[in-house]
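There are 2 protein chains.
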Amino acid sequence: MSETDTLLARRAVGAQSSAVRELLKYSRTPGIISLAGGIPAPDLFDIQGLEAALGEELRARTRDTFQYGMTEGEAGLRDQIATLAGKRGLHAGAHNVLVTTGSQQALDLVARVFLNPEDTIVVERPAYLAALQAFAFSEARMLSVPSGADGIDLDRVEALFASERVKAIYVVPNFANPSGGTLTLDRRRRLVELAARHRVLIFEDDPYGDLRLRGRALPSLFEIAGQTPGARDLVVYMSTFSKILSPGLRMGWMVIPDAYYSNVAIAKQAIDLHSCTLSQRIVERYLASGRLGERLPILRDAYAVRCEALCSSLERHLGDAIEFNRPDGGMFLWARFRDDVDASAVLARAIEAGVVFVPGSAFFVDEPQRNTLRLSYSTITPETADEAGRRLAIALEESVG
Amino acid sequence: MSETDTLLARRAVGAQSSAVRELLKYSRTPGIISLAGGIPAPDLFDIQGLEAALGEELRARTRDTFQYGMTEGEAGLRDQIATLAGKRGLHAGAHNVLVTTGSQQALDLVARVFLNPEDTIVVERPAYLAALQAFAFSEARMLSVPSGADGIDLDRVEALFASERVKAIYVVPNFANPSGGTLTLDRRRRLVELAARHRVLIFEDDPYGDLRLRGRALPSLFEIAGQTPGARDLVVYMSTFSKILSPGLRMGWMVIPDAYYSNVAIAKQAIDLHSCTLSQRIVERYLASGRLGERLPILRDAYAVRCEALCSSLERHLGDAIEFNRPDGGMFLWARFRDDVDASAVLARAIEAGVVFVPGSAFFVDEPQRNTLRLSYSTITPETADEAGRRLAIALEESVG
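Sequence lines, in order, name chains A and B. In terms of UniProt numbering, the first sequence has 379 at position 379, counting the first letter as 1, and numbering is strictly consecutive. In terms of UniProt numbering, the second sequence has 236 at position 236, counting the first letter as 1, and numbering is strictly consecutive.
Note that these hints are calculated values from the structure, not bench results. Some clues are possibly wrong.
Chain copies aren't distinguished; within one or between two, either way the pair holds.
Stated by the list, open to error - The calculated SDA-like cross-link candidates involving lysine to any residue, where the alpha carbons are at most 20 Å apart (straight line), are:
id	residue 1	residue 2
1	LYS167	PHE114
2	LYS25	ASP119
3	LYS167	ALA259
4	LYS25	ILE266
5	LYS25	MET70
6	LYS25	THR71
7	LYS25	SER262
8	LYS87	ALA259
9	LYS25	PRO229
10	LYS87	PRO297
Given the structure is predicted, the values throughout are model-derived calculations rather than measurements.
Isolated chain A, as found in the complex:
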C-alpha cells in the first residue's frame, strides 16, 4: 500500500480521465470494435416500458411534472426505491432515501459532506476512476489497497485502519469497475467489523448488484452493518438506475443513515437544488409497473452470453498470452497480459487493428500495473466478440514482435 500526494493524484486522475474520454470517441467510429466503453447496451433498454411510464405521466396531466421539486426527491419515487432497497436486503425507510443526479452525484456528495482536506480515505487499487475524481476535489488524502477477484485485501485494510487515522473507505463490493471482483461474504463481515472498531465510514457503491450473472447475491455492507454492534450508522449506500434502466435519465440514489441525512440533503440543495422531476416520475412509474422484475433476467441472460463470448474469444485467440477471471456479474473483464507487456503500447496497435480497450493503468492513482486492461463486453455480439479477440491477438503480436 502506498500514500498518494493529493495534488499529484488529482492531476493524474484528471489526465487519466481525459485519456479515457479520448478513447470513447472510438465507440462511434465505423469499423472499430470498442471494448473501451462502460456503457449499458442500448439494445437492451426497455424502450417500451420507458415510453409506457412516460405516457402514463403525461396522461396524468399534472403540471408538477415540470415544476420545481423537493431536494430529497419525489415522495413516490423515494417510496419505490425504499421497496427496491428492501428487496436487496437494505432495510431502510423512504426518509433515508435521497434521489441523486446519477450515482456520480452520490460520490460527489459523500466527498463534499464527509471529506475535508487532510482527511484520509482508503480506495481500491484499481478503482473506479470517476469516484477518484470526485474524492480528489475534496483534497482528501487517498490511500490505495490492492483489490482483486475477491475484493479488497482486508489484511492491508486492517493494518491501515490500525496505523492511520482513516475517515472513510470506498468499495464497490459487487463486480467492481474495473476489476470485476466481488467482495466475499467473509471479507464483507470483516470489513464492517473493522470499520466499527475504528469508527471508519464505509461508502458502499453498488451500481451493478442487480446484474449478477451467476451465483447467489451476497448481503450488502449496509445490511451487515445493521446486524453488527457499533456499525449501524457507518455505511452510506449508493446505487443507480443507469445500468438496469437508463443512464441518460441520470437517476441515482443513496440510502443514508439518519445521523447524516439532513447534511447530505442540504449539500445537494446547494449543488443542483433537485434532480430532474420528469426523470423521477418516469422511474417511479416504471418501478410501480413491476416491469423491472421481468426485465432483470433478460439483462442478466444477455450479459452472461456476451461475457462468455468475450471470454471464449480471448481464450481462442490469445490463449496463454492473456489471463483473466470470469466475473460473477457486471459489465467488465479485467485482464492481464503475460510477460509484463505494456497494455498502452498494445493499445496503439489495437486501434490500427480496429479494436479498443482501456489500459488498466488508467484506474490506478499510484503503482499502476501496466500489463492490465479493462474489457467491456456489454455492447458486443458473438461475432464482434470473436473478431475483437482476433484483432487483439494481432495487436499483441505486432506489439511484442
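The hints should help you fit chain B onto chain A, whose structure is shown.
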C-alpha cells in the same frame, strides 16, 4: 461594506436556507396565499409545446435519448443555446456553451473551479441565497456590497477592488432575486472596466433576463466585456430554462470563455457526468420549434399583470406603511416596512392571517435589514393579490399594535 467570517456565514446561510425551505410548505397549504415562493407560474407552462417536443423526440426512436451523453451537453442543444445567447447579444460559439443541471449547478461549478479557500468574492447585499450556499462550500471569503433598485453600489465595489485582492464578483444584473433591482447601463460599463483594471472575474447570473416587463433590454456584462479592452475573458455567463420553460427539467447553461472551458467541463464530469439527456432533447426540440419566441410575450404580459396587481394591492391596503420599487422584470418585489418594523415578527402574524412571504433578512450574510421582505407575484391572481394585501395589512397592524 463588511467582511464576513466564512464559517459563520456558512452556518448562517444554512440556517436561512432551512428557514426558507420551511416557508415553502405553505405554498401547498389550503387557504394560505403564498408570496414566499420563487417558482414560475405553473399555469403559464407551455405544456402543449413541451409535449410536442417530447413526442417528436420519442418518434425519432433513437436509443441515445436514454443513453449516456457528453459532459458538455448534447451538440444540438448547445447549438440552439448559442443561437439563443446570440439573440441576447452574447456572441459566443457552441463550443463555449456548457449545459448544466439547472443554474444552481452553474453556481456550484464556478465556486468549485474558481474559488479556493481564502479567495475573496464580492456579492450583493441582499443576494440570492442559494448562490451564497454554493459559494460558502468553497470556503471563500464573501464580502457584501449594498445593492438596490439600480444594482450594486459601484463606488463601494471600486473601493473594495482597490483595497482587497478580489478574485471574483457575483451579480444578477437583471431583476435580481430578491432585490428586483436592475444594474443600470452606466454601472454595467463601469463594473466591467473595474474588473478589467483589477483582473477580477465576473460571475454574471441571468435567470430572469427574458422576463423583462417594461423598458428595453440592456447589454449583458458578457457582451460589454467583449468590447472592453482587457475584459474579454473575465465574464462567465449563467442562465437557465427554469423561469421561461420548466424548472423541473433542470436545464441551465453557461457561456464560458475559452481559457476556462475545459476546467469547468472536467469539474462537471466529476460532479454528475452529464445532465439528463431526455431533458436536453426536449429543450433542444422546443427551441428548434420556434415556440419560445411566441411564448415569451405571453409570459411577460402575464407577469406584468400580476406585478401590477400586487403593487396596487399593497398601495391600497398598506399605503404609507410599506415602500417598494416597481421592478422592471422578473418575479420579485422587494419591500420595506416603515418605522423599522421587524418583518420576521410580522410573518408570524401573517401566517395566522393566511399569507406568507420571505423576511428579507434571509438574504443577507451580514448586516440584515430586518424591516425588508421579498414578495413574489409569480403565482397570484388579481383576486389573491388583493386579498394578500388585505391580510398583510391586518398582520402588520396586529404586529405593531
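Taking the hints in turn, this is what the structure says about them:
no. : hint             : in the structure
1   : LYS167 to PHE114 : within (8 Å within a copy, 27 Å between copies)
2   : LYS25 to ASP119  : neither (36 Å within a copy, 37 Å between copies)
3   : LYS167 to ALA259 : within (16 Å within a copy, 36 Å between copies)
4   : LYS25 to ILE266  : between (37 Å within a copy, 16 Å between copies)
5   : LYS25 to MET70   : between (36 Å within a copy, 10 Å between copies)
6   : LYS25 to THR71   : between (34 Å within a copy, 13 Å between copies)
7   : LYS25 to SER262  : between (40 Å within a copy, 17 Å between copies)
8   : LYS87 to ALA259  : neither (23 Å within a copy, 49 Å between copies)
9   : LYS25 to PRO229  : neither (49 Å within a copy, 38 Å between copies)
10  : LYS87 to PRO297  : within (15 Å within a copy, 51 Å between copies)
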